[in-house]
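From first to last, the protein sequence lines are chains A and B.
To convert a position in the first sequence, counted from 1, into the numbering used here, add 373.
To convert a position in the second sequence, counted from 1, into the numbering used here, add 558.
Calculated directly from the structure, the hints in this document are not laboratory data.
The reader is advised that the hints may include incorrect statements.
[To be verified] Which residues of chain A face chain B? A partial, calculated answer using Cβ under 10 Å: (1) E383; (2) R453; (3) D455; (4) E456; (5) R457; (6) D458; (7) A460; (8) L461; (9) Q527; (10) P528.
Where a beta carbon is used, it is the ideal one built from N, C-alpha and C, also for glycine.
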Amino acid sequence: MNTTNCSGVEYLPRSRRRLLVVAALVGYPVAFAALAGLKHTGLNRWLILLLFLLLLAPILAVLTVAYRYAHGRIDGRRVRLDERDLALRQQAFALSHRVLAAILIAATAITEVYLTSGYTMRFDANTFLPAMMWVVLYLPALPSLMLAWIETDQPADA
Amino acid sequence: MPEGQRQVHNRLAVLRAERGLSRRQLADKLGINFQTIGYIERGDYNPSLELALTIAEFFRLPVEAIFSLKPMTPLSQEIFGEPPRESR
Chain A
374 MNTTNCSGVE YLPRSRRRLL VVAALVGYPV AFAALAGLKH TGLNRWLILL LFLLLLAPIL
434 AVLTVAYRYA HGRIDGRRVR LDERDLALRQ QAFALSHRVL AAILIAATAI TEVYLTSGYT
494 MRFDANTFLP AMMWVVLYLP ALPSLMLAWI ETDQPADA
Chain B
559 MPEGQRQVHN RLAVLRAERG LSRRQLADKL GINFQTIGYI ERGDYNPSLE LALTIAEFFR
619 LPVEAIFSLK PMTPLSQEIF GEPPRESR
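Chain B extracted, bound-state conformation (with noise of 0.2 Å):
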């Protein structure tokens, strides 16, 4: 990722893996190459707003749901709050 530019944080693989998809799949839907996928998921690329946008429509989700400038929190744990403490 280019210097000064800050990392967008993403659920791209969570989402993927969800939907049984491949890396080369997803970007076959997407018109993209397979890299570039591997590359946003690993945070070394941040996509442009419409590549954003596009994956966003891909998954039918809000865009805000895949891609944030904050790190992301376990799904699960934004559904249902905090994690549950272990028992002891």
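Next up, chain A with everything else stripped away, as it sits in the complex (with noise of 0.2 Å):
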């Protein structure tokens, strides 16, 4: 039974991939907060989406890595899985939701700080684009992401 290939991405170091899903997860706050901080600016909207488009690009090229590694293997599709493939499966569902209690924990955390301080949030268009984008992208990338993390680096064949 042969269900993955070759490809350079699935004998990624587990350095390696730990980086990446370091970059992935810290990458798009970064990416926001710096958009945040370019309006502020005043330089071009064009050159500011652009700048902003510069910084989520590597994420997005992250996210399609992690899914390449994972290869099928967190949705069971196209591929057969072995014993050690649905346990690895279990572990990153597990660890993906205690990432995910951990970032919704935080946020709400975040947010009731910043309320019980005497601010205020608007809640419109623009301030949920970012949670909206953050669930469309990471909520079905998360568990090919942990899948990279726990993964130890694969035996070649001999």
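Two chains, each in its own frame: build the complex with the hints.
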């Protein structure tokens, strides 16, 4: 049974994969923080959009790498999973749940602290967009990212 | 390997080499991914009882000859006892 191909992505060492996962998770809020900062600089709107997309592009690339790394092992489509794949998938989902819980708790706590500090929050399309994009991009990708995080380096065929 | 799990030692690499099989060839015969063979050999993954028995059946050996909770001694040492002392 051969369920995985031998592309370079699948042989990425774990240290590099973990670096990419951290970059994917940290890069998104950084990109939106940069966007918020750029809006106050008085730069041309199109230039701001271009800079934002330039920041977002590597994040999307990393998410694509994570999907390619998982290679259908998360959704179980197109490939037959053996017992180790199934065990890894279970671990990846469990870790995704923990990471998601941590992110939601942190986001809720930060919002609560912000609001109780006397600030107000305007809830419109602009403020909702980053949250919506995060859900669309990261919720499906999180198990693949976690799989890339937990799996040890792959042995070569000998 | 998940934390808290005991490592299962094995002789899979030796047995595979004896029979001149690559990981991919052995995996194909067992119906698993070739990476799984590598992970088992490296001690990064403990196979299920079903897979351990399937491997034992394939090699026509008792399962305890392939897998053990204690580090494996060389087969020659198990057959012939203590290794001969080096001649001075």
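Under 10 Å is the threshold here; is the Cβ of A/R457 close enough to any Cβ of chain B for the hint to stand? Since chain B brings a Cβ to about 5 Å from A/R457, closer than 10 Å, the hint holds.
Hey, does the A/P528 contact hint survive, CB to chain B under 10 Å? holds (3 Å)
Next item in the hint list is A/E456. Is there a CB on chain B closer than 10 Å to its CB? holds (5 Å)
If you take the shortest Cβ to Cβ gap from A/A460 to chain B, is it below 10 Å? A/A460 check passes; min Cβ-Cβ to chain B is 8 Å, inside 10 Å.
Against chain B, run the beta carbon of A/Q527 and see if the smallest gap drops under 10 Å. holds (5 Å)
Go through the hint on A/R453 and say holds or violated, using the shortest Cβ distance to chain B against 10 Å. holds (9 Å)
Grab the minimum C-beta distance from A/D458 to chain B and call the hint holds if it beats 10 Å, violated otherwise. At 7 Å from the nearest chain B Cβ, A/D458 passes the 10 Å test, so the hint holds.
Supplied contact hint for A/D455, tested at 10 Å Cβ to chain B: holds (4 Å)
Satisfaction of the A/E383 interface hint, Cβ to chain B closer than 10 Å: At 9 Å from the nearest chain B Cβ, A/E383 passes the 10 Å test, so the hint holds.
Can you verify the interface hint for A/L461: is its Cβ closer than 10 Å to any Cβ in chain B? Constraint on A/L461 satisfied, holds at 9 Å.
In terms of the numbered hints stated before, the structure departs from none.
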